[in-house]
Amino acid sequence: MFFIDLLLAAALATQDPAPAPPPSSAVEWTRAGDAKLDNADADGALQDYLKAIGLDPKYAPAWNGRAIARQRKGDLDGALQDFTRALELEPSEVYWRNRASAKRQQSDLRGAITDLSKAIEINPKYGEAYIARATARFAADDLNGSLSDFRKALELDPRNPDVYRGMAYAKKDEGDYEGALNDISRALSLAPDSAALHASRGLINAYKGETHAALKDYTRAIELAPQEMSHYYFRGCVYQDAQKWREASLDYKRASELSSPQWEFPRLRMWLARARLGEREPATQDLKAWLLLRKGPPNDAAARVAAYLTGTLDEKAFLKAADGEIGAGYKGRRCQAYYFAGEKRLLDGDRGQARDLFKRALATEARNWRDFGSAQAELAFMEK
Numbered sequence: 000m001f002f003i004d005l006l007l008a009a010a011l012a013t014q015d016p017a018p019a020p021p022p023s024s025a026v027e028w029t030r031a032g033d034a035k036l037d038n039a040d041a042d043g044a045l046q047d048y049l050k051a052i053g054l055d056p057k058y059a060p061a062w063n064g065r066a067i068a069r070q071r072k073g074d075l076d077g078a079l080q081d082f083t084r085a086l087e088l089e090p091s092e093v094y095w096r097n098r099a100s101a102k103r104q105q106s107d108l109r110g111a112i113t114d115l116s117k118a119i120e121i122n123p124k125y126g127e128a129y130i131a132r133a134t135a136r137f138a139a140d141d142l143n144g145s146l147s148d149f150r151k152a153l154e155l156d157p158r159n160p161d162v163y164r165g166m167a168y169a170k171k172d173e174g175d176y177e178g179a180l181n182d183i184s185r186a187l188s189l190a191p192d193s194a195a196l197h198a199s200r201g202l203i204n205a206y207k208g209e210t211h212a213a214l215k216d217y218t219r220a221i222e223l224a225p226q227e228m229s230h231y232y233f234r235g236c237v238y239q240d241a242q243k244w245r246e247a248s249l250d251y252k253r254a255s256e257l258s259s260p261q262w263e264f265p266r267l268r269m270w271l272a273r274a275r276l277g278e279r280e281p282a283t284q285d286l287k288a289w290l291l292l293r294k295g296p297p298n299d300a301a302a303r304v305a306a307y308l309t310g311t312l313d314e315k316a317f318l319k320a321a322d323g324e325i326g327a328g329y330k331g332r333r334c335q336a337y338y339f340a341g342e343k344r345l346l347d348g349d350r351g352q353a354r355d356l357f358k359r360a361l362a363t364e365a366r367n368w369r370d371f372g373s374a375q376a377e378l379a380f381m382e383k
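Following numbering that gives the first Met the number 0 from start to finish, the sequence shown increments by one per residue and tops out at 383.
The hints are simulated quantities; they were obtained by calculation from the structure and are not laboratory data. What you are looking at is a predicted structure, and each value in this text was computed from that prediction instead of being measured. Take these hints with a grain of salt, some might be off.
[To be verified] DEER-style ranges, computed between Cβ atoms:
1) Leu346 / Gly43: 48 to 54 Å
2) Thr83 / Ser188: 39 to 45 Å
3) Asp355 / Leu291: 29 to 35 Å
4) Leu291 / Gly208: 34 to 40 Å
5) Glu154 / Asp42: 36 to 42 Å
6) Ser184 / Glu382: 28 to 34 Å
7) Asp347 / Ser188: 45 to 51 Å
Every residue, glycine too, gets a C-beta built ideally from N, C-alpha and C.
Generate coordinates for the entire structure from the input sequences, incorporating the hints supplied.
As structure tokens, this is what we get:
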């Protein structure tokens, strides 16, 4: 009898329900857009937010939603315009934080920090704003300000593993590797299956010179998140620092396969590994082919490194461009240039110039760039 009841219920369930009426207000269209954003349908969300704005041009959540959709589609200028309009209508702490995220994507660190400070003024207990400002200050090389914000975020949420992770990175860049490892251990005690946290510990161990521990951490991160390209890239860096060029080349290759053509780091590093393996000419041809496919400014830092490695830009012009770098992240880009110039000199047998260039990379104090750690490793090998 129970089985028959189930069949009857299933038959009744096949009748089509009456379609839900379409949204009729700005609030309803905005909710519909939010639902589509949650399902990764940015295009559909944009249409819904547009309808909401048409019904009520002063409804701030619709402008904020459309800004997020535009941001996800890569239209950062449009996103900033919409976030600004939302703030004009309703200066909420969430909208200030959201606009800061778009400014971060445009490398406007100063603007992002200003917006996040506004968010904190409105709501001094807004933990996410402290975390976001801490990471922005970290990127702007303000380690003291970054640590201060992370500590405040920790007061507000002492069980947030991301806060411990951020503090660990800041301490790592101060050279306090033990303090950094302690913070990562605290984070892992809260989220033991976090691939990102295992990778973070791997990075700190690599900087500390603990190669075996670093490789173990990155391998665990890959087990937990096998499609995450950055784990292969950073494990490749550890292999490279240990002069294990074949293993490094394989990891850089996998990172390149998993990433978009825009992500230059594994491609540039793969050239180094293959050149050390005696594959300099085919590596050069592959890097030239990548440069043609890559969508990016023809004279940005990545394009210059590729042009230098492939021989279409000489060392003098390459280093002059690096020395002229200004703005957010300039120390890192200079560090990168000196590091790659040192590697190329080493390939050409000029150990003296290579040593000087690696030392110049370290003099930038750009500890949050992986090239800094690799320059350290090369100098250590040269002095053995």
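Hints, one by one, checked against the model:
no.	hint	verdict
1	Leu346 / Gly43: 48 to 54 Å	51 Å, holds
2	Thr83 / Ser188: 39 to 45 Å	41 Å, holds
3	Asp355 / Leu291: 29 to 35 Å	33 Å, holds
4	Leu291 / Gly208: 34 to 40 Å	38 Å, holds
5	Glu154 / Asp42: 36 to 42 Å	41 Å, holds
6	Ser184 / Glu382: 28 to 34 Å	31 Å, holds
7	Asp347 / Ser188: 45 to 51 Å	48 Å, holds
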